[in-house]
Amino acid sequence: MSDTQFLETAMGRRIAYVKTEGKGPTILFLSGLKSDMEGTKAVALEAWAKAQGRAFLRFDYSGHGQSSGDFTDGAIGDWHEDTLAVVDTLIDGPVLVVGSSMGGWQALLLARARPGRVVGLVTIAAAPDFTEDGYWAGFSDAQKAELEREGFVSLPSDYDDDYIITRRLIEDGRDNLVLRSPLILDMPVRFLQGTEDTAVPTAQAVKLLEHVEGDDIRLTLVKGADHRFSDDECLRTIQKMVKVVLARI
Numbered sequence: 001m002s003d004t005q006f007l008e009t010a011m012g013r014r015i016a017y018v019k020t021e022g023k024g025p026t027i028l029f030l031s032g033l034k035s036d037m038e039g040t041k042a043v044a045l046e047a048w049a050k051a052q053g054r055a056f057l058r059f060d061y062s063g064h065g066q067s068s069g070d071f072t073d074g075a076i077g078d079w080h081e082d083t084l085a086v087v088d089t090l091i092d093g094p095v096l097v098v099g100s101s102m103g104g105w106q107a108l109l110l111a112r113a114r115p116g117r118v119v120g121l122v123t124i125a126a127a128p129d130f131t132e133d134g135y136w137a138g139f140s141d142a143q144k145a146e147l148e149r150e151g152f153v154s155l156p157s158d159y160d161d162d163y164i165i166t167r168r169l170i171e172d173g174r175d176n177l178v179l180r181s182p183l184i185l186d187m188p189v190r191f192l193q194g195t196e197d198t199a200v201p202t203a204q205a206v207k208l209l210e211h212v213e214g215d216d217i218r219l220t221l222v223k224g225a226d227h228r229f230s231d232d233e234c235l236r237t238i239q240k241m242v243k244v245v246l247a248r249i
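Residues in the sequence shown are numbered consecutively from 1, following the numbering used here.
Simulated from the structure, these hints should not be mistaken for laboratory data. Please note that a few of the clues may not be correct.
What the hints assert, rightly or not - Here are the simulated distance ranges between beta carbons:
1. A142 with G53: 21 to 31 Å
2. D133 with D162: 44 to 54 Å
3. L155 with R114: 24 to 34 Å
4. A137 with L221: 22 to 32 Å
5. R14 with T40: 23 to 33 Å
6. G116 with K207: 20 to 30 Å
7. I164 with A137: 17 to 27 Å
8. A137 with T89: 28 to 38 Å
9. E196 with Q143: 24 to 34 Å
10. E38 with A10: 38 to 48 Å
11. I249 with D162: 38 to 48 Å
12. E21 with E171: 35 to 45 Å
For every residue, glycine included, the Cβ atom is placed at its ideal position computed from N, Cα and C.
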């Protein structure tokens, strides 16, 4: 079992991470909203990377897992800052990013912010711009009024406790949208999406594919897979796509 270490960032956050040394590029796993680095996909991919002798890093955003802060205080931009701090401080050389759900949005933000560092990208049920296109677009007038009045709304979740969606999360999300302006991914990119995903519809995966620009971008639909994308077959598919991207870098 790898030991958890902590990074003190310039923003005053204490970020928990587990780093495995090996040959590069370093595989960086970015978890989803309210998920952490102990999730099935992160741990399984780490085990695969170790078996391959490859460098790997997983971490918890602030307000998640073992990192400092409360989830309800955080927002997309904060977690982007956490990701940048991890890449800039803890990783030398190129990075292959694997992002799950909200981590897919974070992966796209990272690729845009550090194009010279990110050399490959794999996303799993990527959820770019979900605060605007999912939450805000789906809110009723009453929910929007409650958000303005109370500063938050509570939404039921199929995967965890109720989600507390804050006004700051929505407003900060608008400052970090990636589907409203050109997004060039000059690297091998593989998007994975389950057809039974009720959190991120297949149409959103197609929208992302059509929006991004690049010469080596593919979308793979897995019939019957849900948003978790973490059964044995899905885990093998993730590993396969990482191998494909590694071979094409």
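Cβ separation of A137 and L221, checked against the hinted range 22 to 32 Å: 23 Å, holds
Satisfaction of the hinted span 24 to 34 Å by the C-beta atoms belonging to L155 and R114: 32 Å, holds
I164 versus A137 beta-carbon gap, inside 17 to 27 Å or not: 19 Å, holds
Hint check for D162 and I249 - Cβ pair distance inside 38 to 48 Å: 41 Å, holds
Distance restraint hint 21 to 31 Å, applied to the beta-carbon atoms of A142 and G53: Since A142 and G53 have Cβ atoms about 55 Å apart, the given range 21 to 31 Å is violated.
Pairwise beta carbon distance, D133 to D162, judged against the given window 44 to 54 Å: 21 Å, violated
Outcome of range test on Cβ distance (G116, K207; 20 to 30 Å): 27 Å, holds
A137 versus T89 beta-carbon gap, inside 28 to 38 Å or not: Once the Cβ atoms are compared, 36 Å apart, the range 28 to 38 Å for T89 and A137 holds.
Range agreement (Cβ of Q143 with Cβ of E196, hint 24 to 34 Å): For Q143 against E196, whose Cβ atoms are near 26 Å apart, the range 24 to 34 Å holds.
Range agreement (Cβ of A10 with Cβ of E38, hint 38 to 48 Å): The hinted range 38 to 48 Å is violated for E38 and A10, with Cβ atoms some 26 Å apart.
Outcome of range test on Cβ distance (E21, E171; 35 to 45 Å): 40 Å, holds
Pairwise beta carbon distance, R14 to T40, judged against the given window 23 to 33 Å: Between R14 and T40, where Cβ atoms are some 25 Å apart, the hint holds.
Violated hints for the displayed structure, listed by number in ascending order: 1, 2, 10.
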